[in-house]
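4 protein chains.
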Amino acid sequence: MVLTVKQLILNDAIQEIIDNVLSVSGELDPKNIEEMTGLLQSSKNVFVMGLGRSGLVARAFAMRLMHLGISVYVVGETTTPALSPEDCLLAISGSGETFSIISAAEIAHKRGTKIIAVTSYVDSTLGEMADLVVHIKGRTKIDSEKNYITRQINGKHQSLSPMGTLFEVTSLIFLDGLIAQLMIELGKTEEDMKARHTLIE
Amino acid sequence: MVLTVKQLILNDAIQEIIDNVLSVSGELDPKNIEEMTGLLQSSKNVFVMGLGRSGLVARAFAMRLMHLGISVYVVGETTTPALSPEDCLLAISGSGETFSIISAAEIAHKRGTKIIAVTSYVDSTLGEMADLVVHIKGRTKIDSEKNYITRQINGKHQSLSPMGTLFEVTSLIFLDGLIAQLMIELGKTEEDMKARHTLIE
Amino acid sequence: MVLTVKQLILNDAIQEIIDNVLSVSGELDPKNIEEMTGLLQSSKNVFVMGLGRSGLVARAFAMRLMHLGISVYVVGETTTPALSPEDCLLAISGSGETFSIISAAEIAHKRGTKIIAVTSYVDSTLGEMADLVVHIKGRTKIDSEKNYITRQINGKHQSLSPMGTLFEVTSLIFLDGLIAQLMIELGKTEEDMKARHTLIE
Amino acid sequence: MVLTVKQLILNDAIQEIIDNVLSVSGELDPKNIEEMTGLLQSSKNVFVMGLGRSGLVARAFAMRLMHLGISVYVVGETTTPALSPEDCLLAISGSGETFSIISAAEIAHKRGTKIIAVTSYVDSTLGEMADLVVHIKGRTKIDSEKNYITRQINGKHQSLSPMGTLFEVTSLIFLDGLIAQLMIELGKTEEDMKARHTLIE
Chain A
168 MVLTVKQLIL
178 NDAIQEIIDN
188 VLSVSGELDP
198 KNIEEMTGLL
208 QSSKNVFVMG
218 LGRSGLVARA
228 FAMRLMHLGI
238 SVYVVGETTT
248 PALSPEDCLL
258 AISGSGETFS
268 IISAAEIAHK
278 RGTKIIAVTS
288 YVDSTLGEMA
298 DLVVHIKGRT
308 KIDSEKNYIT
318 RQINGKHQSL
328 SPMGTLFEVT
338 SLIFLDGLIA
348 QLMIELGKTE
358 EDMKARHTLI
368 E
Chain B
168 MVLTVKQLIL
178 NDAIQEIIDN
188 VLSVSGELDP
198 KNIEEMTGLL
208 QSSKNVFVMG
218 LGRSGLVARA
228 FAMRLMHLGI
238 SVYVVGETTT
248 PALSPEDCLL
258 AISGSGETFS
268 IISAAEIAHK
278 RGTKIIAVTS
288 YVDSTLGEMA
298 DLVVHIKGRT
308 KIDSEKNYIT
318 RQINGKHQSL
328 SPMGTLFEVT
338 SLIFLDGLIA
348 QLMIELGKTE
358 EDMKARHTLI
368 E
Chain C
168 MVLTVKQLIL
178 NDAIQEIIDN
188 VLSVSGELDP
198 KNIEEMTGLL
208 QSSKNVFVMG
218 LGRSGLVARA
228 FAMRLMHLGI
238 SVYVVGETTT
248 PALSPEDCLL
258 AISGSGETFS
268 IISAAEIAHK
278 RGTKIIAVTS
288 YVDSTLGEMA
298 DLVVHIKGRT
308 KIDSEKNYIT
318 RQINGKHQSL
328 SPMGTLFEVT
338 SLIFLDGLIA
348 QLMIELGKTE
358 EDMKARHTLI
368 E
Chain D
168 MVLTVKQLIL
178 NDAIQEIIDN
188 VLSVSGELDP
198 KNIEEMTGLL
208 QSSKNVFVMG
218 LGRSGLVARA
228 FAMRLMHLGI
238 SVYVVGETTT
248 PALSPEDCLL
258 AISGSGETFS
268 IISAAEIAHK
278 RGTKIIAVTS
288 YVDSTLGEMA
298 DLVVHIKGRT
308 KIDSEKNYIT
318 RQINGKHQSL
328 SPMGTLFEVT
338 SLIFLDGLIA
348 QLMIELGKTE
358 EDMKARHTLI
368 E
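First to last, the protein sequences are chains A, B, C and D.
Numbering follows the numbering used here, in which position 80 of the first sequence is assigned residue number 247; successive positions increment by one, without gaps.
Numbering follows the numbering used here, in which position 101 of the second sequence is assigned residue number 268; successive positions increment by one, without gaps.
Numbering follows the numbering used here, in which position 158 of the third sequence is assigned residue number 325; successive positions increment by one, without gaps.
Numbering follows the numbering used here, in which position 72 of the fourth sequence is assigned residue number 239; successive positions increment by one, without gaps.
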């Protein structure tokens, strides 16, 4: 099989994502992760929130938390109740400056709800407000400029991971890793999880 | 920094996902990909569909197609119109046997709408109905049994990637690679994509 | 103020809806309603379901049930768990023949979950499967033919309540009436409901 | 059939809704409605928005606009693009002060997108920002106090239409009336609408 230029672009893009995942994975702080799984388990309800594709990542995580038997709600869905001081809010925002996320975090803060931020910018508004911050590197502004110059030199003008792609995919994989962690900590098997999986397909 | 057992589980789970992505990426057929990007570009409208977390992957892909200026709808969302023979339906289902996906594919087939299947089982009902099949390996049943025995021997009884996780995450990364491919083919820059990105955050 | 023809059409359409609501309201069976509020209160979880605009009506009802402190889920939303025999499924379908509703009802039936049908056709597939049927008349097929002829004679070719409009709006108002009923039965005040209303706007 | 107290509550609640609909319907300004249907037809795309149950009303309206062949998007759904100056934003908010609605309206205003407000408060922040305001009376604060006293005297402590119920249902019926109006203005039949209705059920 002769590889075409086309496939190389797709494979390059996939490699760019994997490189970011590996880089983030290598820098994770075990204590930080332990605090996060602890907070997710001790909260009465977990609320998750994100805008756009970060919101889809939040939902994918929420689905697995539900399978684990953790009481979880997606902010903005139909039957999501009010926040309480015994709950925690997991907010996903690459920039940490998404308007609706910040204003939700402010409401959570006033209610005494604990906030977990998943963001590329630890010192963003969201990062500063959070009780616990998980740092998920995406394409930083500096990287993006560097790439731009390197790519111009190499004749590649396009980014292979447009907008928040690196942050979003890396967050999803990190959170799926956290699910594996929670399965062990909670002593749940895949069979337990399947038993809570919706039957309606 | 001393790595705890806890972090190893999370990192093992992440590695399991990356291994699957690399394995799928290495086996992609350039001709298959070329046909897929061709069909996505030549269709009047692209409809995407998936159940559960596969549905979230479908949405994440649809968002980027919209950013590229391709007319795209998510089956089941409010303003999604009827299928026509000039459209294509991209259906994501690991098993290829998801009930609601099959019945939607049957309706699409009757209307003369082209079907793209993203599935782990090329010879599933969905795979057999599709005009184009992209094979995204997940955890196969055989693997899962093998793992079960190996893990029992090693004293690890839990799966690190429960249910459809490997298929879902690998599909997302494959489809994000396809977006990079489409950017080049359509001559779109990230700036073009940002111009179509929703302003309301 | 001189009324234009345009406003008359809009007001005629509104009147057509009100007439249907009053007609349905006048024929409600108190015993049927008592059974329904009883089942909603005694179920461990209430699941609601509907397709298209009927699905929006189901969500509007679910939101108020949540405000009343009843554990309620919308089928298809992110964190909706599996059905159990202690739950009930409220399915809204004008025709009572909507494909995905029927197949969900079959799954519910097998699980031993009680089914409440809100439909215009008591003897439809959904109606026959349900433990409790609430009859909400919409525009029947006979009415629609009659109207067609009458309207041709009168030079009005258009329906003022296209498709499921009468059924959907009447169902919403009926279910909002049921919320008033449940407030009294549960001894809940508006303040109680506001306390559970989402704070994030 | 002997009417029980229970049914009277439900029927009283339904009557309260109908009274509000009739009152609003009687005060509609034909010129206002003509401007609204004109703006909906002349816009390149219509964007609809609402929070909670008002958001469901917005979606129910959007579905019918799509059936009429008008290009329409729901703010926050997956494939909704950026606003442009040729578009209009229909925002539904009883109070006219919903935080996320106001901030979306500000973005729309900056982009030169026309704003239609459906609200109970013409002089609210949203009402003041809008190019066109449709006044849909709900339960006003004064009414609510009056009711409270009257009801205490009468021994009825509960509201029969909690929170935004009157506004939401009345808005839905008004907008369904507008669909009838648009059918005539656009010369569309129910058959035309059915042809665009999703086939996947």
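Some clues are possibly wrong.
Intra- or inter-copy, both count: the list cannot distinguish identical chains.
[What the hints assert, rightly or not] The list that follows gives simulated cross-link-like pairs (lysine-lysine, BS3-like), each with its CA atoms no further than 27 Å apart:
id: 1; residue 1: LYS198; residue 2: LYS361
id: 2; residue 1: LYS304; residue 2: LYS211
id: 3; residue 1: LYS355; residue 2: LYS304
id: 4; residue 1: LYS355; residue 2: LYS277
id: 5; residue 1: LYS281; residue 2: LYS304
id: 6; residue 1: LYS211; residue 2: LYS277
id: 7; residue 1: LYS277; residue 2: LYS361
id: 8; residue 1: LYS281; residue 2: LYS198
id: 9; residue 1: LYS211; residue 2: LYS355
id: 10; residue 1: LYS361; residue 2: LYS211
id: 11; residue 1: LYS198; residue 2: LYS355
id: 12; residue 1: LYS281; residue 2: LYS361
id: 13; residue 1: LYS211; residue 2: LYS198
Think of the hints as simulated: they come from the structure by calculation, not from any bench.
Structure versus earlier hints, numbers of those that do not hold, lowest first:
Of the numbered hints given earlier, those the structure breaks are 1, 2, listed in rising order.
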